[in-house]
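**Student:** Could you build all of it, start to finish, from the sequences and the hints given here?
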Amino acid sequence: MGLFAKEKPRAASPVAGRSDHETSFFGTKLSVKGKVSGGGNLIVMGNLEGELQGELVVAPSAVIRGEVKAVTVTVSGSLSGTLTAREKIHLEKSAVVSGRLHAPRLSMVDGASFNGEIEMQKPPESTPPLKGTSRNEAN
Amino acid sequence: MVKDASAGSTSLVSRPVVIEGEISGDENLHVDGRVKGIIRLTGDLFVGASGAVEAEIDARNIVIQGTVTGKVLARRQFEVQPSGRFNGECTAASYEIREGAVFEGISKMSSSRPQSDKAPLSPDPNLKKKL
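If you read the sequences in order, they're chains Y and B.
135 is the number that our numbering gives to position 135 of the first sequence; each next residue is one higher, with no gaps.
131 is the number that our numbering gives to position 131 of the second sequence; each next residue is one higher, with no gaps.
Do not take every clue at face value.
Stated by the list, open to error - In silico lysine-lysine, DSSO-like type, Cα no more than 27 Å apart, as pairs: (1) Lys36(B) to Lys69(Y); (2) Lys35(Y) to Lys71(B); (3) Lys36(B) to Lys33(Y).
Keep in mind the hints are simulated off the structure, nothing from the lab.
As the structure is a computational prediction, the values presented were derived from the model and not from experiment.
**Tutor:** The following block contains the structure:
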């Protein structure tokens, strides 16, 4: 993907302005089973069972089952199974999660429901200095 | 064009995304990335110019600007636009293949909605007896 010259995406993605991060969207009535890879971000409002790369946002109406792997995951919906995030997992107030979470960073808002097991492995690089909020140049 | 909103919202598989597996549901789907496997939709499937689909497909209307390979059922219309390529077996109630498009394979007309120039293939034999 990165090998080719990047063009502006023609079709409008729901989240504009992030030229190399196109956002995919699975609506409430769509069910996806399998392996989702390749990058970009993903907003899931329906059913997903599988494995993916990139950023995953689980919308309030979403039901996710099975094993999901992503870089960062934000959950507002329901998720059961094993969730592995390479960077972080965030559970919103409306999240209902059961299963296993693996991530180097985890946050949970008051009201989120979680039953299961958490494993916080060390991030692959050296740990951020002190309370490093953002080490890269993102404001 | 064939797009109408009767099946509700449209899901999007964006360009960097590759899905291997099964996608099904009561939605329209726009594919700019790659999908391999099975697609079953009550709505429409639109494969954008950068989209590549290798799948068994069942959808209402199918519009192809990219590449599609596989066994396809379009319950209403199957359309290949000038940049589109189709390879496989297709069954549809109506076809639209634009100049420049590539269609390799087999096409069948589904009898659910007979076209004006195509009579139903086998009239009911019982019909004659009754008359």
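**Student:** Determine for every hint whether it applies to the structure shown.
**Tutor:** Each hint, compared with the structure:
Annotation: proposed proximity of Lys36(B) to Lys69(Y) holds, straight-line Cα distance about 19 Å (limit 27 Å). For the hint pairing Lys35(Y) with Lys71(B), the CA-to-CA distance comes to about 21 Å; that is within 27 Å, so the pair holds. The hinted pair formed by Lys36(B) and Lys33(Y) meets the criterion: a straight-line CA distance of about 11 Å does not exceed 27 Å.
Taken one by one, the earlier hints all hold for this structure without exception.
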